[in-house]
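Asks: If you read the protein sequences in the order shown, they are chains A and B.
Position one of the first sequence corresponds to residue 1 (my numbering), numbered consecutively onward.
Position one of the second sequence corresponds to residue 1 (my numbering), numbered consecutively onward.
Mixed in with the good hints, there may be bad ones.
With a straight-line cut-off of 27 Å between C-alpha atoms, the simulated DSS-like cross-links for lysine-lysine are [said to hold, decoys possible]:
| id | chain 1 | residue 1 | chain 2 | residue 2 |
| --- | --- | --- | --- | --- |
| 1 | B | K188 | A | K275 |
| 2 | B | K205 | A | K275 |
| 3 | B | K275 | A | K188 |
| 4 | A | K205 | B | K139 |
| 5 | B | K85 | B | K115 |
| 6 | A | K188 | B | K20 |
Some, not all, of what chain B presents toward chain A, calculated at C-beta under 7 Å [what the hints assert, rightly or not]:
| id | residue |
| --- | --- |
| 7 | K188 |
| 8 | G206 |
| 9 | H208 |
| 10 | V218 |
| 11 | F220 |
| 12 | I263 |
| 13 | V300 |
| 14 | F302 |
Don't read these hints as lab results, they were simulated from the structure.
No residue lacks a Cβ here, since even glycine has one placed at the ideal position from N, Cα and C.
One-letter residues, chain by chain:
Number of protein chains: 2
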Amino acid sequence: MSLIVVGTMAFDAIETPFGKSDKIVGGSGTYVAYAASNFVQPVQQVSIVGYDFPEEEMNYLKSRGVVLDGVEIVPDKKSFFWAGKYHMDMNSRDTLVTDLNVLADFNPVLPESYKETEFLMLGNLMPKLQKSVIEQMTKRPKLIVMDTMNFWMESAMDDLKEVLKMVDVLLVNDSEARQLTNEYSIVKAAKKILTMGPKYLIIKKGEHGALLFHENQVFFAPALPLEEVFDPTGAGDTFAGGFMGHLAKTKDISFENMKTAIIVGSAMASFCVEKFGPERLRSLTKAEIDERLQEFVQLVNFDITIA
Amino acid sequence: MSLIVVGTMAFDAIETPFGKSDKIVGGSGTYVAYAASNFVQPVQQVSIVGYDFPEEEMNYLKSRGVVLDGVEIVPDKKSFFWAGKYHMDMNSRDTLVTDLNVLADFNPVLPESYKETEFLMLGNLMPKLQKSVIEQMTKRPKLIVMDTMNFWMESAMDDLKEVLKMVDVLLVNDSEARQLTNEYSIVKAAKKILTMGPKYLIIKKGEHGALLFHENQVFFAPALPLEEVFDPTGAGDTFAGGFMGHLAKTKDISFENMKTAIIVGSAMASFCVEKFGPERLRSLTKAEIDERLQEFVQLVNFDITIA
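So here's chain A without its partners, still in its complex pose (with noise of 0.2 Å):
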């Protein structure tokens, strides 16, 4: 019941239309390991940072289960940074700074006690590292999910083409799924990626919600309606956290529990959101995911019965 979480940990600056940030404490690896640690633990980390990343947010991470042993620390570099500011529809931002510092010398290297871990997430990271993490592997994880960005189909297609045929799971948002495939409809795009490599396909429409493709099936999950999204970064990688860290729970990885799955992490994404960063991450509560996924329910149960 353990889950390794490949991603970065680092600093943000966020700007959107209801106020700005100072630099704060995120990356994906963050999102994602804050986000599974409410279900499974320990959520073993791999990722690099600076020696300006805090160590009471390392202290506050081992306080959560996640161990920081596949973390290295750089003594003479910072930590990567990233600035951006959302515009009005909160769908679409403009990257402002983004300072690489240690991250460009990241090369993940997995400590001996990951190396049989049944569950691993592949943050959205250079597809050559992604598949040097899954070749460390000495024994095939049960479930491989991997997120992946535009940036690395321009730059590194063949390579993340390779890294597609190893891994189980891909997650994507619409527009990559469309970029990976040169197909605008998404059901289009969701089959050839099916054939790609991955069994199954999440595509995030952000307040949208999500799609799950695996064979002929289909399943929708919706993004919560919210009054006020304050701050969408780290929502996909939340969404992502809640995903694996159900699957990772409860070690069912059908079709059926994903479908679960993607709900649990719709309910995190939908909490992170609420407030700058991470930060609404930190205080929640069993009790508050549980009456979310109630919500969930709420939102979408309805009886067709066919006279």
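Chain A is already provided as a structure; the job is to place chain B on it using the hints.
Replies: Leaving out everything else, chain B in the frame of chain A:
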């Protein structure tokens, strides 16, 4: 067990990225009647056409249980004509031609036989005319549903606000909900609209599904993910027809049954977009509708057991 439909019966010429139609029969009233007549008959139509409107279309409507006593035929004018061209995303379109013709003189007069009907669907029309129809009813219908559009918000907002106070359900798309309330957040817009008259609000989001709001409750119905949306013309009206048809058939206007009605509407709309204009709706069978409803069950059905 009857339903009044007030809407246009017209000609459309449609261009999409997938092809181009000749001048074909369309209009909001046509789509609503086609869809609703699968569930409830008679459908009491209120509309206006010119001398050029095909008699075979009138006969076909009659064969589906559509009563035409409320359809005025103007002997010396042409029917309403609209031509439009859809963009690649199918969510936006350019209007190429709008020839009002008979529609400029439309002043709906309800036949006596319509005046105590229990379900009233007011298609998108000048708000003054929608109001006049309501006022002609000798008995207040069990349920009044209205559609409208941004054009009336710009040109007749005061009239629109008056009609809103007289109806039970408002049916708009997301951009119309925003325009009506000056709220960007759909949830905030919904809360405002629910103080303006309607007790129920449906916000249509095209390929992204539809939301039903009532008091503090919300329900979400997805659109069926389709390989190809061939022509979205009439999808919103077909949705309305399925929604009203189910309610008029079951005579149950509870929130729970409205959820089911929205799924029925979404299923009907998913057929509409498969071919140009209302063509697909003509060949539709009950077995096909039942099968599609089951697809919606599969699409959103999940199991949450809270441990």
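Asks: When the hints from earlier in the document are held up against this structure, which numbers fail?
Replies: The structure conflicts with hints 4, 5, 8, although it agrees with all the remaining ones.
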